[in-house]
Structures are given as C-alpha cells and as structure tokens.
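Novice: Bring the two chains, given one by one in their own frames, into a single complex with the hints.
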Amino acid sequence: MAAISAEIAAQHQLTGEESETIRRLLGREPTWTELGIFSVMWSEHCSYKSSRLHLKKLPTQGPRVLQGPGENAGVIDIGSGYAVAFKIESHNHPSFIEPFQGAATGVGGILRDIFTMGARPIAVMNSLRFGSLDDPSAGRRNRHVLEGVVSGIAHYGNCFGVPTVGGECVFETCYHGNPLVNVFALGVFRRDQIFYARAAGVGNPVIYAGAKTGRDGIHGASMASAEFDEQSMNKRPNVQVGDPFLEKLLLEACLEAMQTGAVVGIQDMGAAGLTCSTCEMGGRAGTGVEIDLARVPQRETGMTPYEIMLSESQERMLLVAERGREEEVFQVFRKWDLDAVTIGRVTGDGKLRVQDHGVTVAEIPNAALSDEAPLYRRPAAPLRRAAPLDGPVIAPRGPAQLAADLGALLASGDVCSKRWIWEQYDHMVRTNTIQGPGGEAAVLRIKETGTSIAMSLDGNGRYCYLSPREGARLAVAECCRNLACVGAEPAGATNCLNFGNPERPEIMRQFIEAVEGMGEACRFFEIPITGGNVSLYNETLGEAVYPTPVLGVVGLLKTRQPVPLHFQTPGRTLVLLGGLLPNSADQLERRFGSSQFAKVILQQLWGLPPALDLDYEKRVQTAARRIVNAGLAESAHDASDGGLAVTAAECCFGPAGVGADVLLDPVEPWPDHLLLFHEAPSRVLLSVESRNLPAVLTIADEHRVEAPLVGQTAAAELSFRVYGRELLRAGVESLRRQWAEALEARLSG
Amino acid sequence: MKLGVVVFPGSNCDHDAYYALSHNLGKRTVYLWHQTEDLEGCDAILLPGGFSYGDYLRTGAIARFSPVMRSVARFAASGGPVLGICNGFQILVEAGLLPGALMRNAGLKFICRTIHLRTETSDTPFTCELKPGAVLAVPIAHGDGCYHADPDTLRRLRQQDRIVFRYCTREGDADPRANPNGSLDDIAGILNEERNVLGMMPHPERASDPLMGSTDGLRVLASLACWLARDSRQESARLAGLVRHTL
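Respectively, the protein sequence lines represent chains S and V.
FYI, the numbering for the first sequence is 846 to 1594, going by our numbering.
FYI, the numbering for the second sequence is 29 to 275, going by our numbering.
Please keep in mind that the hints were generated in silico from the structure rather than gathered at the bench.
Glycine is no exception: its CB is placed at the ideal position from the N, C-alpha and C atoms.
There may be inaccurate statements among the hints.
Stated by the list, open to error - Simulated DEER-style distance windows between Cβ atoms:
1) S:1475 <-> V:222: 47 to 57 Å
2) V:132 <-> S:1184: 30 to 40 Å
3) V:269 <-> S:1405: 19 to 29 Å
4) S:925 <-> V:197: 35 to 45 Å
5) V:197 <-> S:1295: 33 to 43 Å
Same shape as in the complex, but just chain V (with noise of 0.2 Å):
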C-alpha cells in the first residue's frame, strides 16, 4: 500500500499528513509535486490543508489548474480513493469532483479549536471502520469553511447518503452553537457519488498522535487503509484495531 501527498504551493499540512499517515499509521507515504501527473502508483491520495496559491483569487480557485489534479480527477474516476483535508476540501470542490461551495465562515473569522464530528455513514472507505453515530474530537483551522450547497444539491446528499460528518455536541447532538462557521446542514465532510472522493474541513492528521490531546482522526485515516488493505486479513486486523482504539 502507497499514499500520496499532493504538495501545492502554499501547501502547508503536507508534512502533518505525511507525518500521520507515515508515522501514526506506518504506512509507506510519499509527496506528490503540483507539477507532476504521474501518481507514482498511489493507493489512495490526499490533498492537504493550507493556503494554495495563497488562496488569491478564491481558496482552491487556482490549485485545480495544477497538472497533478488532472490526474487526480482521473484517480478518482476510475475509483480510486482521494481524501481532501480543509484547503484540500475547497480544491475538490473548486475542481468540480465535490458539489457545493465553501464560503466565508459566519463569524467572519478563522476559527482554530478542536470541535466534534458525528459519523453519519460507514458506507465509505474513510469511515468503513467507524459506527454510524461515532463522535469524533479532531480540530479545525479554517477561515473559509462554511459549506453552501443548493436546495437540489443538498436533497441528494442527504438522499444518496452523502454526509459523512456532521459538527455536533460532545454527546454527538445537533445543535446550532456547535455549528463553528454556519455551514449548511451543520455539515463538515461530504463524498462524491461514486463514494470514492471525501471533502472535509476538520483535520484527521491534528488528531492521529496521543500527545496531540485527540486519535480520533487517526480513526478516519486508519479506516481508509483497512479499506485499502480488505485483501489483507492480518494487516487490516492491525489498522482496524488503531480505529477501535482511542485515547
């Protein structure tokens, strides 16, 4: 198993997710250039967090015009998985391979704190190890994080079973002050319809060490390898034990 990295310029996560998944998870990892279109034969991919581009024009607006993202869509469309962490998340959906939009936080400021996600599906590779329901503490740093989608849009996510995350209390409850930046729906994270592609604004790799307070996020990264490794009866036994465990 292989993951990759995307780096773009203004990247500035990549070394947190490579660290995460290298470290934390002890797969192997390598970074993926802007420039580039070959994928090295990656397993799965992930777009980090940061300012690409210095987020100039509208955050993720010039990042989808990279050469690396060509091939991501092509990854994508034949099925592989691609996992996009906050500016990661405003890049897919910049490049059309998630709906919606991601708007100026409702406070109009960036927000850094740890917040809970409830999993609301297993049915995807980055949470196939997760219960429906499971509340996760994983941070988020964002200034543009407030998910819009249109009513139709909206109607089909919920309908296709789309949301992965949604923000929540402690205790896994909605409610509107646990919302941290007015998205719609209270949503955080949302895939494609082929299931393959996951956007979402809070940071698996901030939460995937014991002395970063949180292993929850390193749940979601390790369910995304059990998926990869499903062939692999003693290695997907060891990723799902690092799901089942936490702090």
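Okay, chain S solo, but in the shape it has when bound (with noise of 0.2 Å):
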C-alpha cells in the first residue's frame, strides 16, 4: 500500500498529525477505502472534533429524558405511556450550493433520524437566515436562495406528509454567502417502543433497505467541515439529490418492519452514509460489523469501495435484524416496493470490515473511528468587542416620525409577515395543528393522550455578536416565554450551533461563551438539551457569520384551543406583565444599539444586548403560564424584535383587526423612541377582561412581577400616549398592509 502523501492526506482535510495517528492505529499504511473512511469520520462534521469538549458543559439530564445526546435523536416522556423524539439539525452548506436539494435533503435527514427511533414524525419547524434581500448587488442572489430553500422544503415536507409548523426567517448581511438552513423535527411513538441505532448480537444479520447507492453526495461530511472560496460552486456535485416519496415509504416499511419484533437496531445513512451508519452501530453495542459491498444495491456500474462507503444518497437505512427473522423484515420492505438485502453480519471482533466480492477492502477497529477520533482544546482568543459600546446621538422624533418608523419596523424583514413562505408549506396534515406558523409557539395535540407539544425555535445571531453569552442566555429565555404564552411548561431542548472556523481563535471563544451562556440559562430553566448539531465553518473568504447560537425548546400543555397572540374585543384592559422595562435602566442606550430599530431605521449596530435577569424572567413566565392556564388572558404576546410598539401591533393584526390605544406612564422621562421600541426581554403583553383583572394582578404578586395597566384595546386603531402625551396614532389596517406585504413585494422586487 503507497504511503499518503500530505497532499492526498490535504485532499481529504486531514492534517499531518492526523495520518500519522492514522497509521498508528492501524499499525500500518491504510487503504484507500480505509483513508476515505477515516476522513469522513474524523471530520468535524462527524467528530465534533473542535467542540465535544464544550458540549459537555450543556445540561443533557432530567427526569423526562430517555434518551440524551448520543442516540439519532433525543427522547422525553410525555407521560400516558407516550414518548417524544425530537432533533434539530443544519444543512447550511448544501443550501448555498444547491438551495432546492440542500434544503429538501436537510428536512430528509432530520427525518430519517426521528423515524429510525421508532417515533413518527408529526412536525418539522425551520430556522432560516439569509443575506439581505434589498442589497443592490448580493440581492437577486440572496431572492433566489431564499426561494430556492423554502421551496425545497416545502417540496419534502409536503410529500412526505409531515406538517411544517412554524420556525423563523432573519436577514442579515453576513449570511450572504452562507445562508442558514436549521431543520427542526419531532415525532411521537409509544414510550416502551424505542429503537436505538445499536447491531446487537453477534451473527445476526445486516441488512440495508431504501434507495439505490449512487455517485452522489460523495463527501458531502467533508463539504460541510470546510469554508467556501471562489471554487464552492463546483461542489455541487457533494449535494445529495432527495426522494421525498421515497422516504415516506421509507417511514410506512420501517415503522411496519420494527412492529414484527425481529429488528434488533436501525439506523439511518445520512452524512457519511454507510460509513457511518456501520461503525456507529457497531461501536454502540461494543461489536463489530462485516458487510461485503458486491451486495449493496447500486444505481451506478462501476463504482469503488471508497464511492460506495462514503456515498450519501438519501432514503437509506441500515438495520440489524434478529438472526433467522430476515424474511419478517423483507416482506414488509417488498409490500412497500423497497429494496432490502443482507449485506453483512455483526462479529463480535469490534471491528469494521469492509469487503468487495470477499476481498477484504477496509478493516478498522470501531475504536479507532470513534474513541480516537481527535480532539481538540482550539486556542481561543480573549473576547473582543465586535462593535462600538455606543451609538450615535439620537435627535427626538415627533409623532409622525414615530409612525413612519413603527411603519419601517413592520416591513422589515425579521419583523414582516412571513405567509408568503408558511403558505407554502402543508402545515395542517396529519391533523394535529392547534396553533400553526405565525402563532407565539406551534402547538400540536397529541391525538393518543390528551397532552399538547407546544414548539419553539430561537436565536439572535445580532445579540450573539455583540455577546455571545448574553445572546445565548436571551435565546433560551425567548424561546422558553414563547412557550409561556401558550401555557407549556418547557421540557426539553435541542440545539444547532452554527459558527465559523473553530481554528480562528475569535471564533473559538465565540463558541465557547455561546455554550456556557447556553448551558447556564438551560439549568437555569431545568431543560435538558438531549441532542443536536455543530455547524462550523460557516464561513466564505474568510468572513464568517453571526455566532448564530439556534434554540429548539419542547414544552407540554394539556390539550385544548389555545390563547391567541391576537387582541379578540375592544375595550379589554392591557396588561404589560413583567414591567415597562425590567430588570436595570443602566445602559439604556448602549443596549439599544442590538435592536431593530437600530438595524433598521439607523442601520448600525453596537452596544451590547439586552439585559436579562434569568430570576425575573422565569418568575414572568411562571406567572404568565398560570393566567394563560386560569382562562385569565384573552391574549397574549411576548414582547421581543421590535420592542413593546411592535409587540401591540403585532397583537392587532388578527382576523378581528382591534386596535389598541396604549398609555404608558414610565418612572423616569426616557426618549420616546426608548419607550416604544428597546427590547427588554422577560414582557408580556396581555388583554384581560376587567372581571378577570383582579385575579392576574393577583398572580403577578405572587411571583413579584410588575403588572402595570397600560391601556385598553380598541377599534380600528393603534396609538401610544406617555403621561396623555400622544407618540403615535396608525390605523390597523395600514399598519397590517405594510406588515403584510412587505417579504411578496421585496421577492417580486
């Protein structure tokens, strides 16, 4: 066997240090099939090589959970005998070489990992950013891949019969040439019937089921563990091309196959594809793992042991079934028109081995793959500010400013109405959406018990760079009130890490502090994080992205309609539960630099964050459960992007169309456009009957938490007034128009 030369090891981004350990292990030159295997494995994609060590500091334990980190995807009780799994998980580098396919075989793989646990998938929720749709030059780019992506995911939920129920869109320039695509999914099955990714067993079989392997999507794992240059483009042939209709048989045989009882352990062949889906099992259930590939079903001729074990064609499985079972499981795939064949069988030498026509091609201890992948502790830089502490001198604005810029918050592109893109999606079948896209959380009844999933996806890629800490910590909090607000008690979490290059030491400690951050407001909360993703080197020409840190949190509710985010009747009392701004005054102005106004109508960033007090904000939410809970709230609205002016208009654009007239009496005199617009976490605001008033000021109490009265609901219009001083006056229509509207007229623009 020739020597790897730096070159071919470079080839396969693997460094020097790791081709010699490379040999160490084996003890000798590996082959070739053997060097693709270890460069897929040893990936970052694959090892989080650059990040395991931090990922230990996240809470992964509670007494919900079933399965932690580790398995294809998390699992929680959700009592009644009924178990949830659920993953998030990105796909960001495909979607920016082949937006469609990328984003379609994003929404695939997260998928095959619920199924593979057993559980059918009944939501799929997304976290998208991108560049900037109105930038002269990067614009019509920016358009395309956003219609490219949404359309792609649309085309493999809605086949594959999964409804897409909500997530979030967020534009910003540095996700020009790395957009974005976090896929969020979870299914529901009964809690005694999970099924682990493990080849138990020695002798029993290995079969392979789904589609044929091809040429395509070849180090796809690789791809997603480099940045991009100039020649990215030519990548496109990595992005693995999906069959959604496939896949969905792919579910109907799998789940079917698991009910005969003859299958031992499952797992589905996503990144790295057989590669990993063998060693993997094997190495779980401390065996090994033999398969001959002149038994792989194949869609080409001629392909190598290393194309065919690194391949990344879509719709695959691997399962270990029970020996002299086999024939169960092939009658349920041949019902489905699936393929299904032995390939090879479990050994009890802990070995991967590789053969082609019983020519032994790879054979590598599943140890060496896994257990002694590198490491590695990567420098990190002190924290550096990334932006100025403080922001320009801001003149005072009259009413009619004020108006225009609530106006110009509406239309923007992180605020604006995103229908345009959740229409597209099939986000009702299977019947179960209570509360779709566009709502505070998604919310889905579980039709088996009478238990409701409430979902939320969260992250702040602009608070994360001015404090990646900070932005972490307000992400959990955000995503945990959205839960709040429907009345779910949060209990459990999965999350998507998507950063630059890890060997930047800047970005390393942007990492390290969004984990901590992460970690402690998790604890805090008492959610577990039982699974997720690292997308690193979102990068392109060396700029990379905003830490964005992205929040998936599961929370449970009893089954029923919930409280809308809408106002419902005119001349219900309003409710700013949590204060006009709690927590500190101090550095109001710097803390303004990281909201939309400043993005939007003055177009700079600095400062820091919001402030947040993890022991208030849990006491807001706490309190707000409770009177969503008592039937005590007609509505109820976190107030976030755009602060308290574009969380009242926010409430106005329900199918009622009620207005508000807010009153608003603060302590100290600040600047009206303060007032209107900071984002102060840890608010709510609620529209509350006037018999019901006494009670919710009660509950407010008794967590001690600012209630103030700020105003009543009305017909057809939005005003503020401070101390009778009014700020703004809009009409609710024109004010929805502009919301409405805006994401069509900028995509058509």
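Specialist: Structure below.
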C-alpha cells in the first residue's frame, strides 16, 4: 500500500498529525478506502473534534429524559405511556451550493433521524438565515437562495406528509455567502417502543434497505467541514438529491418492520452514509460489523469501494435483524416496493470490516474511528468587542416620524409577516396542528393522549455577535417565554450551533461563550438539551457569519384551544406583565444598539444585547403560564424584536383587526423611541377582561412581577401615549398592509 | 355502515381521513390497500390526499392503474358513493371517473390555507343535508389544483348542476381574489353525471374537529353518512345534527 502523501491527506482534510495517528492505530498504511472512511469519520461534521469538549458543559439530564445526546435523536417522556423524539440539524453548506436540494435533503435527513428511533414524525420547523434581500449587488442571489430553500423544504415535507408548523427567518448581510438552514423535527411513539442504533447480537444479519447507492453526495460531510471560497460552486456534485416519496415509503416500511419484533437495531445513512452507520452501530453495541459491498444495491455501475462507503445517497437505512427472522423484515419492505438485502453480519471483534466480492478492502477497529478520533482544545482568543460600545445621538422624534418608524419596522425583513413562506408548507397535514405558523409557538395535539406539544425555535445572531454569552441566554429565555405564552411547561431542548471557522481563536471564543451561556440558562430553566448539531466553518472568503446558536424548546400542555396572540375584543385592559423596563435601566442606550430599531431605522449596530435577569424572567414566565392556563387572558404575546410598539402592532393583526390605545407612564423620562422600541426581555402583553383583572394582578403579585396597566384594546386604531401626550397613532389596516405585503414585494422586486 | 379509505403508496392524508370518519363522525372505517380488489363491503369509498406514487409523471397518473381502482370504478358504476379529496380528486380525473384536468396552481406555488367554499347544490350524497349557498371554511393544501375543462364539459357541468363547490369570499360571493389556484369558474369540486362520485380539492377531513378551528368539513362527511343511513331514522337524525352543528 502506498504511503499517504501530504497532498492526498490534505485533499481529505486530514492534518499531518491526523495521518500519523491513522498509521499508528492501524499499525500500517491505510488502504484508499480506509483513508476515505477516516476522513469522513474524523471530519468536524461527524467527529465534533473542535466542539466536543465544550458540549459537555450543557445539561443533558432531567426527569423526563429517556434518551439524551448520542443517539439519532433525543427522547422525552410526555406521559400516558408516550414519548417524543426530536432534534434540530443544519444543512447550511449544501443549501448555499444548491438551495432547493440542499434544503430538501436537510428535511429528509432529520426526518430519518426521528423515524429511525421508531417515532412517527408529526412536526417540522425551521430556522433560516439569509443575506439581505434588498442589497443592490447580492440581493438577487439572496432572493434566489431564499426561494430555493423554501420550495425545497416545502417539496420534501409536503410530499412526505409532515406538517411544517413554524420557525423563524432572519436577514443579515453576514449570511450573504453562508445562509443558515436549520431544520427541527419531532415524532411521537409509545415510550416502550424506542429503537436504538445498535448492532447487537453476534451473528445477526445486517440489512440494507431503501434507495440504491449512487455517486451523489460523496464527501458531503467533509464539505460541511470547510469554509467556502470562489471554487465552492464546483462542489455541487457533493450535494445529495432527495426523493420524499421514497422517504415516505421508507417511513411506513420501517415503522411496520419494527412492529414485527424482528428488528434489533436501526440507523439511517445520513452524513458519511454506509461508513457512519456501520461503525457507529457496532461501536454503540460493542460489536463489529462486517459487510460485503458487492451486495449493496447500486444505482450506477463500476462504483469503487471508496465511493460506495462514502456515498451520501438519500433515503437509505441500515438494520440489524434477529438471525433467522430476516424474511419477516424483507416481507414488509417488499410490500412497500423497497429494496432490502442482507449485506453482512454482526461480529464479535469490534471491527468494521468491509469486503468487496470477498476481498477485504478496509478493516478498522470501531474504537479507532470514534473513541480515538481527534479531540481538540482549540485556542480561544480573549473576548473582543465586535462593535463600538456607544451609538449615535438620536434626536427626538415627532409623532409622524415615530409612526413612520413603526411602519418601517413592521415591513422589515425580520419582523414582517412570513406568510409567503409558510403558506407554501403544508402546516396542517396529520390534523394535529392546533396552532400553526405565525403564532407565539407551534402547538400540536397528541391524538393518543390528552397532551399537546408546544415548540419554539429561537436564535439571535445580532445579540450573540455583541455578546455570545448574553445572546445565547436570551435565546433560551425567549423560547421558554414563547412556550409560557401558550401555557406550556418547557420539557426539553435541542440546539444547533452555527459558527465560523473554529481554527480561528476569536471564533472559538464565541463558541465557548455561547455554549456556556446556553448551558447556564438551560440549567436555570431546568431544560435538558437532549441532542443537536454543531455547524462550523460557516465562512465565505474569511467572513464568518454572526455566531448563531439556535435553540428549539419542546414543552407540554393540556390539549385545548390555546390563547391567541391577537387581541380579540375592543375595550379589554392591557397588562404588560414584567413591566415597562424589567431589570436595570443601566446602559439603556447601549443596549438599544442591538435592537431592530438600530438595525432598520439607523442601520447601525453597537453596544450590548438587552439585559436579562434569569430569575425575574422565570417568574414572569411562571406568572404568564398560570394566567393563560387559568383562562384569565384573552390574548398573550411576548415583547421581543421591535419592542413594545411592534409587539402591540402584531397583536392587532388578527382576523378581528382590533386595535389598542396604549398608555405608558414610565417612572423616568426616557426618550420616546426607547420607550417604544427597546427590546428588554421578560415582558408579555396581555389583554384581559375587567372581571379577570384582579386575579391576573394577584398572580403577578404572587410571583413578584410588575404588571402595569397600559391602556385598552380599541377599534381599528393603534395609538401610544405617554402621560397623556400622543406619541403615535396609526390605522390598524394600514399597519397590517405594510407588515403583510413586505416580503412578497421584496421578492418580486 | 362501513367506510373505506384507500391507501396508495404516498397517500398522506389517509390517517386524517380515517380519524375524521371513525373518531369525529363515529363510523366504522377500514383502510383499503392499493393492491387489493376487495372493497370489503364498504358502503362508501374515500380516496385521500397525498402524493400517490410521488405524483411522478403527473398527479394521480400512476395511481389510476392500481388494482383497487378497478374495483373503485366498478363500485362507482354500480352507484356507490366515492369521494376523492385533493390527490384523490386528481386520481379520479386521471381514471376518467370525473371530467377535466387539474393543472399547476396559477401562482405556481403550493398553497396551504383555509379558504371558503360555497355549496352550489344539495342534490348529492355529499351535500344532501347542506343548504345551497352554505359557506364552508375548509383548508386547501395543493400545488396542482387549478381545475380546467373544455367549454363543452364546462357547459355540461353547469347545466347538469354538477359543480358542487365554488371558491368564494367569507360572505359567499364570487371574487377572483377568493380563488386560490386559478380554477376555471372558481370550481373547487365536481360530480360525475350519475352524481355519486365527488372530487374536491379542499380537505373536509381537516375541518372535522373543533380543535382544528373549523368543523365545516365534517358537515360534508356527515351528509354522506346521513345519506347512507337514510333507512335508519335515529342514526340519520344524529348525523343530520352533526351537519347542522357548526363551531
């Protein structure tokens, strides 16, 4: 066997030291196939070599956790004998190179992670980041990426038959060359029917099922572990092509095969395809797996062992069946017109042995691929201020200007209605969607129990850029607050950590800070993170994206019609649970620099994210949950992007178009724009019938939470007054038009 | 009374239809696998929504060749009621049980939203308990729902009172903005000449449970059950109650 030259190692993104380790572990030169196997298993995407050390800082255990990180998805107990499996994953790199297929296969991959566990997927959500749509030079490309990603998600999810029930979509210049496509999926099953990705039982057959293997997606995992340059478009063949129809058949066949009792273990072939599934299934069970590639169903002729092992063709599964019961499994796959063949067996030697027509082409101890994988404590630079601490002096603004500001914020990319996006998603199929996209959180009933699941995804790259730790804490708080607004108790979470090149010490610092901040907040709210995904190297030509940790929180509530976000009736009292400015007024101007107002109106970024007091936040959430669950509020909406003014406006955009007369009496004379648009967390705007007001205030009091009365809902106008002085007044319908039509106008522009 | 929901590879509203019929309507319901020709003595057949055979080639184009469709055609010819929803409508059209064609939506995009339908006729098993003009709020979710037919066919559909549902405003008025997919004459659902086969793009099974925000779809399913139960006064009275009941 020829020695690995430095050049070949570099092509496989292996360092000199890593090549040396491979030689040491094998006690010889690797074969070409082995080199390929090491390169994908040791890629950042599969090995988490830069992030693993720090991920240990996240809480992963809790009373409801049935399965934490390490399997295909985390699992939590939802009671009545049922459980949910959920996870979020990124498909950033492929979605930039080929938006439609990149996003589509992102959905496909996460769905397989869910049904591999035995759960039937019942919901998908997504968190998307794109470059600015209005940018004179890059806008066209960004619009193309957005449209491609959205139709890719729609194509896959709609055909598969899983509702896409919500998410978020944010625009920043830093995502120009590096959009983020994070897809979350959740499935439901009986808690005693969880399947694991373990190749247990020496002598048991290893079965390949689903689509045939082709040359698509070879080295996809390595691609996702490098930054982009001018040549990136040449990587298009690395992007896989998805077939949602085949995946639907695979879902039904896998769930049915599991019912036979003949399935011992199962794992999907995702990143690093056959390589990853064989060595991981053996590794988890402490066994070995031996396969012969000649038996692998192939779509093309003349594929080399290297290509077959590294192919990332979609819609494939690897199963281990009980010896002698293969036929029961085959029968199910035949019923669904799918290939299923025995390609090998479980061995007792702890090795991955790959043969091609009986000739061994790779033989690697599983431990060498996983336990011995490189683990880096990458250097981290001291935290550096990303933007100036102080912003511009903002001159006082009159009513007309403030009304125009509100309109501009409502029409801005991050705030405007995303209906154009989510109407392309089937968000109702499976008839569980009690509250779909556009609500505070998505709420799905579990038909088998009296429980519903509430879900929220949140991340704020802008906050994290200014302070990764604070930003991550704020994301956790916002997710939990969204759940509180629909009356749900957070039960578990999954995270997707999108960062730049970890080999740069300043990026590594961002990563560590964000993980620690997220860990701290999750511990405080007692929500275990049961799995997730790290996506590094989100850079193009040396420009990293904002540090963008995205969190998905899953909560539980009793099945019933949830409290809406929108005002229902004029004349109700407005209660701002949490108060006008919770926490300290300290550095208010500096903390305004991360707001949507600073971004959209001033086009600047400075200072710090909003201040967050975790203890106060938790009390606000507990109070909000109690109020909502007692049926005391007619509507509930948390204040976030765009501050109180945008929040109140969003509450007006329900079918009834009810407005509000907001009366503010701050204890200090803050500037009007701060009062309206600052983004302090820990605030929920409620509309309350007067007979329920005492009970609402009592609950607020019990949790030592401020609850000023801030006016009333009204007919078709939204107005704000401070000590009786009018700040702004606008018609609900005109505001709604600006908010509702902005995205489509931008896309057709 | 026994109702059958056909399952093609790629059907994905089969569970929803089953749940609406069995749980919300309270009728005995069975799944019928596409490979079978045995309709198991069902009194009505429902072809559910989804992407049968991935909608490859053309929506519904491959499903029509399934063995079960031979039986469905015979069942329909003998007067049995058949309801095709969304992809089911597309299959009925491809199978020649209903005239016309369903093309790509005018906006070229998949659309999922709740729309309004005006009931145009009561003279069907599916709307017998509804009043003409009744406006129903029912979701749509399709990429290929733009109904098209040649002028002769359209004339016959109108003359023979075979247009069962039209897209309309909340108030029940015709309005181009209320037509989500560009369908000819705002058509959302049509009958065969014998009036026992209905194809409709909107999803009544998604509006059959108070938790889903509308029970107008259940009024259609309950009408059908009422028609099937016309010999049993007690049961048809119960079902007629479901038709009248709205959220």
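Novice: Determine for every hint whether it applies to the structure shown.
Specialist: Verification of the supplied hints:
{"no.": "1", "hint": "S:1475 <-> V:222: 47 to 57 Å", "in the structure": "holds (55 Å)"}
{"no.": "2", "hint": "V:132 <-> S:1184: 30 to 40 Å", "in the structure": "holds (32 Å)"}
{"no.": "3", "hint": "V:269 <-> S:1405: 19 to 29 Å", "in the structure": "holds (24 Å)"}
{"no.": "4", "hint": "S:925 <-> V:197: 35 to 45 Å", "in the structure": "holds (43 Å)"}
{"no.": "5", "hint": "V:197 <-> S:1295: 33 to 43 Å", "in the structure": "holds (37 Å)"}
Comparing the model with each earlier hint shows no violations; every hint is respected.
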